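**Student:** Single-letter residue listing:
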Amino acid sequence: MKNLIADGVSAGWSYLDASTLTADKHFEADVVIVGSGAGGAMAAEQLSLAGFKVILLEMGALYEGKDFKQQERWAYPALYQDGAGRKTLDQSIGILQGRTVGGSTTVNWTTSIRTPENTLDYWRAEFGSDFTSENLASYFQQAEQRLNIHPWPLPPNSNNNKLRQGCEALGWQYTVINRNVSGCANLGYCGMGCPINAKQSMLVSSIPAAMQAGAMLISRVSARELKWQHGQVQSLVAVPVDRYFQADFKIKLSFKAKHYIVAAGAIGSPALLLRSKVPDPSGRLGKHTYLHPSVISGALFEETIAGHSGAPQSIYSDQFVWPSNGKAGFKLEVPPLHPVLMATKLTGLAQSHAALMQQFNQLQVVIALLRDGFHPDSQGGTVLLSDNGEPVVDYPISDYLWQGVQTAYLAMAELQFAAGAKSVLPIHQDAELYRSWQHARQAIQALPLQRYRATLASAHVMGGCNMSADPAKGVVNLSGRHHQLENLSVFDGSVLPTSLGANPQLTIYALVSAFTDRLRTLLST
Amino acid sequence: MNRRQFIFRSLALTLAASTGYAVYQHQSLQGSDNAAVLVLDALLPAVLMGALPADMAAQQLSLAQTRDDVLQFLAYLPHSQQQQLQQLFELLQQDLARLALTGQWLQLADLPLPARLDLLFSWRDSYFSLLQQAFSGLRELIYAAFYGQPQHWLSLQYSAPEFNL
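Each protein sequence line maps, in turn, to chains A and B.
Each residue of the first sequence is one higher than the one before, starting from 1 at the first, in my numbering.
Each residue of the second sequence is one higher than the one before, starting from 1 at the first, in my numbering.
Do not take every clue at face value.
To be verified - Between beta-carbon pairs, the in silico distance windows are:
#1 45(B) - 118(A): 50 to 58 Å
#2 396(A) - 75(B): 47 to 55 Å
#3 161(B) - 469(A): 46 to 54 Å
#4 86(B) - 24(A): 37 to 45 Å
Unchecked claim - Stretches of chain A that chain B covers, calculated by requiring three or more beta carbons in the stretch to come under 8 Å of a beta carbon on chain B:
#5 219-232
#6 240-254
#7 264-271
#8 328-335
#9 384-397
Claimed, not checked - Here are the simulated SDA-like cross-link-like pairs (lysine to any residue), alpha carbons at most 25 Å apart as the crow flies:
#10 287(A) - 322(A)
#11 345(A) - 131(B)
#12 69(A) - 131(B)
#13 66(A) - 163(B)
Treat the hints as calculated values from the structure; they're not laboratory data.
Predicted, not measured: the structure shown is a model, and the values here were computed from it.
Ideal Cβ placement from N, Cα and C applies to all residues, glycine included.
Generate the whole structure from the sequences, applying the supplied hints.
**Tutor:** This is the structure we're talking about:
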């Protein structure tokens with residue numbers, strides 16, 4: 001087992017930890033990329049291999065293979081935004097988002113799903129998109145081959161198996177998940193960084209390949225402002241971050257490039273563009289931010305579930321993603337069950353909480369990811385800047401989505417009882433352990449649909465710099481290029497015009513590959 | 001006074017008025033530096049009831065380590081959230097604000113444990129979103145710090161694989 005990047009750096013690859021700088025520094029390149037996640041790293045690899053001089057910036061630190069510790073108390077502060085404590089403005093939705101070299105691909109749960117047909121249809125109808133399953137197929141295949149994405153061949157762990165059993169008992173649709181792994185030991189610790197380089201994240205694929213081809217990686221750097229005039233970005237100003245990943249303004253890094261790619265995630269990218277006061281005639285910059293707000297349902301089983309062990313996600317159900325009645329749809333999945341993640345999400349206090357935690361290994365959990373952005377009453381949130389320029393998402397939850405929350409609680413409880421649960425606990429402050437589906441159904445229908453009562457979480461942030469053919473309806477065009485600033489592109493989940501109704505990494509790989517193809521042609525001429 | 005301070009102070013005033021204490025004496029928001037320590041030391045034994053080790057020495061160690069881990073973690077939060085929490089800790093150490101927030105003249109640490117839990121539940125069920133946020137924020141910080149420590153996994157029958165530890 002190797003630390004690919006550290007070994008490469010020893011052999012001469014170009015790498016800088018910006019927090020070690022003691023004086024201002026200027027850099028020049030053909031392309032500067034802000035963010036090393038699914039979008040930034042994929043573009044970095046393809047542009048470096050095409051011979052362009054690339055600098056890849058990352059706010060997080062460089063941790064890889066041998067550095068990863070399978071303990072949440074290490075992993076969350078080291079690898080996640082705000083130590084995995086990121087929240088929406090009113091703190092009603094927790095947001096899990098990577099902040100490390102490789103971005104969220106370093107810590108995601110490896111679920112790899114092509115963009116749903118219905119989502120692509122909607123983008124074509126509403127945003128003039130030209131993407132279809134057919135013309136994206138080669139990009140999906142390219143990413144699937146590159147990252148060894150394939151159906152998980154081993155039996156699902158018990159947590160996922162209960163999702164499958166519930167679907168089978170009820171005649172609901174389910175699918176075995178495609179995962180981007182090679183030599184996976186079925187540990188279950190994907191969310192803390194893969195310790196054996198089995199997960200084919202950007203950290204072990206595109207980033208080393210880009211560096212091998214000459215790209216420079218700079219970690220622990222926060223991009224602050226794009227300086228622009230006359231329709232062109234002139235330079236990028238950045239600062240190092242301190243040991244707690246807070247921007248440290250004592251030292252300045254400046255970058256000059258022919259082209260600038262912003263790929264800092266769907267909170268970071270709009271934030272950088274907002275701080276830079278780039279033209280925004282559509283008024284959509286930092287707007288229409290989607291979260292797949294996720295509802296949680298716990299269940300206790302007689303047998304051991306041990307949801308911490310084994311591939312975290314190997315089964316999903318799309319039974320409710322595209323309801324025909326126009327109501328909010330949701331995808332059913334399960335999360336990995338580790339002590340901190342569970343303890344912070346489970347309801348109760350003192351003895352009642354401790355009693356639940358003592359049944360940790362009998363606990364099974366289902367999550368319902370609400371598909372937001374497809375309805376007039378589901379137009380997402382807004383990225384706002386604090387006084388010191390740090391972003392926060394304001395995400396009001398509409399009555400339309402609350403109805404989806406209630407339907408999701410009902411579906412998850414029905415599924416868990418069908419899978420043999422002895423009791424079900426919707427994760428809501430007013431819910432109790434219910435011992436029958438009939439009892440649960442009545443009680444769930446009476447639960448208040450209010451923020452702070454229902455525990456909501458998100459692991460997928462999308463939108464905020466949406467693409468559209470028409471400059472009046474988007475921030476970037478269908479090649480990811482900014483509608484107003486000629487040498488600026490956005491290559492990450494922030495270009496998505498809606499949420500996806502599926503986990504986003506494979507969509508981002510494919511879209512960014514398509515964007516990069518077009519950009520490469522442009523830069524070459 | 002920033003917006004958050006204004007909201008917290010207004011909230012304290014409103015609550016003081018609603019509990020019959022209409023006279024508001026000016027108190028500085030510059031509370032004790034160790035307000036966070038005092039508040040956490042008071043709340044942890046209540047929040048962690050049922051989860052703490054039975055042995056008294058182990059219990060004290062566990063409480064101290066959980067408090068230290070919470071304090072250490074705060075630095076990773078955005079500055080705005082850090083300020084908000086610090087203001088909450090300080091208000092809970094000031095007489096009148098504490099009265100408004102808890103309905104008690106007593107120091108938090110002088111309340112019996114069930115009363116400290118009642119206080120947290122009253123925040124959870126409050127109409128004021130800031131108190132609801134305070135409930136969920138403190139609860140999350142405390143449980144993350146406690147269950148992040150491997151010595152607390154025994155009762156969960158959980159262990160992590162030991163790569164790179």
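**Student:** With reference to the structure, classify each hint as holding or not holding.
**Tutor:** These are the hints, each one checked on the structure:
1. 45(B) - 118(A): 50 to 58 Å: holds, 52 Å
2. 396(A) - 75(B): 47 to 55 Å: Violated: the Cβ-Cβ distance is about 30 Å, outside 47 to 55 Å.
3. 161(B) - 469(A): 46 to 54 Å: Taking Cβ atoms as reference, residue 161(B) and residue 469(A) lie about 49 Å apart, which means the hint holds.
4. 86(B) - 24(A): 37 to 45 Å: At roughly 32 Å between Cβ atoms, residue 24(A) and residue 86(B) fall outside 37 to 45 Å, so the hint is violated.
5. 219-232: violated (count 0)
6. 240-254: The restraint on the segment 240-254 of chain A holds, since 3 of its residues have a Cβ under 8 Å from chain B and three suffice.
7. 264-271: With 0 residues closer than 8 Å to chain B, the segment 264-271 of chain A misses the three-residue bar; violated.
8. 328-335: violated (count 0)
9. 384-397: As far as the segment 384-397 of chain A goes, the hint holds, because 4 residues have Cβ atoms under 8 Å from chain B.
10. 287(A) - 322(A): holds, 24 Å
11. 345(A) - 131(B): OK: residue 345(A) and residue 131(B) at ~18 Å, within 25 Å.
12. 69(A) - 131(B): violated, 35 Å
13. 66(A) - 163(B): holds, 8 Å
Comparing the model with each numbered hint stated earlier shows that hints 2, 4, 5, 7, 8 and 12 do not hold.
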